[in-house]
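*Asks:* Chain by chain, the residues run as shown.
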Amino acid sequence: MVGLPEGRWWAYRREDGGPTCCRQMGECASILHNQTRRDERKMPCETGQNAMFPQNLRYMESHEWARQEEDVATVGITDYAQAEIQDIVYVELPEVGTHVTQKTEFGVIESVKAAFDLYAPVSGEVIAVNETLVDAPEHVNTSPYEDGWLIKIRMDAPVELEALLDAETYQKQI
Amino acid sequence: MDRETLSDGLRDTESFAERHIGPRNEDITEMLAALGYASMAAFIDDVVPDDIRLTSPLDLKGGGIESGTAILAERNLDAGRDCLQGMSESEVLAALKRLAAANLVYRSYIGMGYYNCIVPPVIQRNILENPGWYTQYTPYQAEISQGRLEALLNFQTMVIDLTGLPVANASLLDEATAAAEAMGMCLAASPARLKSASTGRNESGIFFVSETCHPQTIAVLQTRAEPLGIQLRIGNHEEVDFDEPILGAIVQYPATDGAIHDYRGFAERVHNAGGLFIIAADLLALTLLQPPGEFGADIAIGSAQRFGVPLGYGGPHAAFLSTREEFKRRIPGRIAGVSHDVTGKPAIRLALQTREQHIRREKATSNICTAQVLLAVMAGMYAVYHGPTGLRRIAARVHALTCMLRMGLEEAGYATGDAPCFDTLCIQTPAAEEIHAAARAKQINLRPIDAMHIGISLDETTTAADVAELLEIFGGVTEPVEIETGPARLPRIPEEFQRKTPYLTHPVFNSYHSETEMLRYIHKLQAKDLSLVNAMIPLGSCTMKLNATAEMVPVTWAEFSDIHPFVPREQAKGYHALFEQLEAWLAEITGYSGISLQPNAGSQGEYAGLLVIRKYHLSRGEARRNVCLIPTSAHGTNPASAVMAGMQVVVVACDAAGNVDLADLREKAETYRETLAAAMLTYPSTHGVFEKEIREICDIVHRAGGQVYMDGANLNALVGLSRPADIGTDVCHLNLHKTFCIPHGGGGPGMGPIGVKAHLVDFLPTHPIVPTRLLSPQNGGADGIGPVSAAPWGSPGILPISWAYIAMMGADGLKSATEVAILNANYIAKRLEGHYPILYTGKNGRVAHECIIDVRDFKKTANVDVTDVAKRLMDYGFHAPTVSWPVLGTMMIEPTESESLAELERFCDALISIREEIAAIESGVADREDNVLKNAPHTVDAVTQTVWPHAYPREAAAFPKPWVREHKFWPAVARINEVHGDRNLVCACPPLDAYRGA
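Sequences listed follow chains C and G, in order.
For the first sequence, the numbering used here begins at 9 and goes up steadily by one.
For the second sequence, the numbering used here begins at 16 and goes up steadily by one.
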């Protein structure tokens, strides 16, 4: 597993309770393994790839990621963050057309017990928000980098991305 | 026989303190010995810092303020007794009877949001007068709270149906603050707020208030709006033009003068101006009138008092708030929501808690914490008992009598306006004063609107004979005008206002109409709730002490419960004597110079206290002071209240020992030296420690120009030993529902009076209708902040409880109570310290009146978290201590002085047994997933199922220790799925087939 410390794998349960990680449950030393509960579903470990910290993204210390597609940045929260928060029950997102500024709050993500402010990785205009999260906020848990994307920003200055962390640096500072 | 022995023998054998305090003298000696002390004095010397100790006993003889104390003077003249010792229960009941006799119960037709009603006796005796309903806490441990949660769901459903809006909460403090909360929702929902650079305050927008809202509502809105930068426009909704955007608008329905208006056009104008439309509505009227949800309302608020809750001279009453689906995450207060447990059985719990102050702190939707749950339960049960038909009958009768009165008055030549009405008339007459006098001669109160107008509101208790009497007073016809009252001929509300939509169709409102059925329903729900009648509830910072019967008995006496808040003062002399005495006692206990009894919850007290501080700074020309320093360990209401008071919250760190970080405080006090308004502290700290630097902390704040606000939630560790004012604080609130025995009621009622030092007395809250500080030697309250509650003295109906407690304990008893509270907590800490780490201790390694046990490590070693421990305690028959506050992943235990040694031991035994269960998992003997903690709580259904799927025996699940059998309390549901409940909010009663499948 590229970039991951030895033995640090995510372990998840299938619906029937059996382990689905590439490694068997007992061998997993991940701190989040111990937080798995019987009635929770999790994203299956993706065939040993370093799905937890995709290389092609930029990261913030506050656990948001940004993926650049020309002048648009897609934004979400990392797998580490969603596992810490656990089951997400609600995501509060800005309206399309709102202007956001790098490192200022643009929304809130909530579990049953806590609420976390979301910080914009770049400045720009919000051109899309993920409407599926209204009825299915759990997408952020099950697919934090794909189906669980939060907003898309048309960037004022793509150079702002360079101020963010790369995968390795983000992972190290967790 | 010598004189001493004789008087010994004659000494009253009833000592209330012995009944209130749990441990016997022998137990106390034993506990002290276990901690290594020969005497209580030596123990207290070791725990409480010397520099804050009182050197003399409290002097509770009395305020010495005119009228009231004369009634009590005879008590003080009893030979051989002084106020150190306190009255016996019989004496206090006799004293309260004398006070009550000084209240005159006239028939009041004043209205203005308060109406006489009939409390169904079955509800009065089995809920209001039943400790099985009033001693519970807020239902955070939902599995053992399904009774009151269902009652709250009924309340919410009633509000949803009647208002026609789909989301409702589980009560607010009163109609006026509910209106203020609705205004707050408009502010939060508004897209942009302009910041005014010079003042640092928001010019937040314009909010329109109809001049026909109840006057106390308007006044509370004014108080609330000003620090938030909201500009109020008060006017006639028919004439106002919105030429700029507004935040929202509020109107009264029916109006305060009784008129029913068609608000549809106005609703459109409000929406076109970008605002939200709020209706303050009368619940009984809504059984006949078109509901607000059907003509453009975004939010509906009001009082549920007239649904079977006594007047109580102003409270306590439950207020309601309902709104559209899209605003559900903005509403304040608690919401009961339906989810299911792990077996799929429907279960109710508190939903969307992330809105609330205990999670969101300064970003919360409101500072509200304790609300009015017991009264909401009663109002909901009133609807259950009467059902839609019964309520409609009551409303129709009230309306018919009002029409009768109106016709009679018009026949006698009086003008009552043209607008349709429900229960209230506004009569124009130049002879208003004479009419009021004639009314008073018959022991009747009418509403004095102004020199030319009189208001009359009829209610459930009004009869045709009453109407005849009213007509007589107006010099009209003495024979009642005949009105056909058969169903076909009932006077009608005009067609366009008539309600067409059915309401209260759910079976729960149509099944319990005989008293036997109602009685059993009430008891069925009660059986699902764990309360102080079952076991100790060791919730840290909640102070779940005894709510003595003698304290509660007078609450339902007519002379206390049947007085309208706006009667002439001379009719409430008993209440006023009680207020004066209570204020004097609280002032002595706290060391402050002035007390306001107006705030009706601790959070309201914080808010009022901060507004007082703000006004103080304004009066000295220091409007720039708006920063409030608050430690991270503070209760969530603190930052939430500061934001409501228009202050900017700056957080101060705590050090590794859990105390306020002095270096950080010094630095921030220096940084904000020019703009510091206040600091909010809790003492002893929320961690249960008497921080020894408290005087220094107060000095730092004062030197930087700020005032010190003390959160009085932990006063149970101070009374009689130390005083907030002496420590150096300027203002504090008291939680009478903690320290002074008002029962928690499942989440309210509460009372949060504030005490202030001399320099702040002028700024205490006022009230536009009944002046609150008439007798103050200084002034008529001209500099006071506006009202923070609808009623001038908050919830007076429950003040006799605290009065009785203080009177019965006396100075000695109060001090003993504090000492035993501290002893009990330290004893528990001692017994548990070998099994759980005790987090944070103070002087000599002791705690104050509460202690925190740390269970965080068990996550790693046994896959057990604090929730698992809390749920497992239910299997032992206990409610968990406070979970994850003030420190995440821990439990805070406050036994109070009322728990006996046996109960303390039982609780410790349970926790120690649970520690052993955890050890079994750690060592691998028990499975990490399938164990007694993970599967807790175990219901009787689970334990009696045919196939037992677990690795441990049934007995271990349900009866982990032999003594549990004697004290078994079965949780009604298994562990509740909180996530499902928050993703899918259901806050009304689900259809019955949801229950059949489970």
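One or more hints might be untrue.
[Unchecked claim] Simulated crosslink set (BS3-like; lysine-lysine; CA at most 27 Å straight-line):
(1) K874/G <-> K160/C
(2) K160/C <-> K378/G
(3) K180/C <-> K874/G
(4) K845/G <-> K874/G
(5) K121/C <-> K845/G
(6) K588/G <-> K121/C
(7) K121/C <-> K343/G
(8) K111/C <-> K378/G
Keep in mind the hints are simulated off the structure, nothing from the lab.
From a predicted model like this one, the values you see are computed outputs, not experimental measurements.
*Asks:* Do the alpha carbons of K180/C and K874/G lie within 27 Å of each other, as the hint requires?
*Replies:* The hint holds at about 23 Å.
*Asks:* Does the structure keep K845/G and K874/G at a Cα separation of 27 Å or less?
*Replies:* holds (24 Å)
*Asks:* Could you grab the alpha-carbon distance between K111/C and K378/G and see if it respects the 27 Å cut-off?
*Replies:* holds (18 Å)
*Asks:* Does K874/G pair with K160/C here, judged by a C-alpha cut-off of 27 Å?
*Replies:* violated (37 Å)
*Asks:* For the pair supplied as a hint, K121/C and K845/G, confirm whether the alpha-carbon distance does not exceed 27 Å.
*Replies:* violated (31 Å)
*Asks:* For the pair supplied as a hint, K160/C and K378/G, is the alpha-carbon distance within the 27 Å limit?
*Replies:* Since the Cα atoms of K160/C and K378/G sit roughly 25 Å apart, the hinted pair holds (cutoff 27 Å).
*Asks:* Hinted pair, alpha-carbon criterion (27 Å max): K588/G, K121/C. Please report holds or violated.
*Replies:* violated (48 Å)
*Asks:* When you check the alpha-carbon spacing of K121/C and K343/G, does it fall within 27 Å?
*Replies:* holds (17 Å)
The earlier numbered hints that this structure contradicts are 1, 5, 6.
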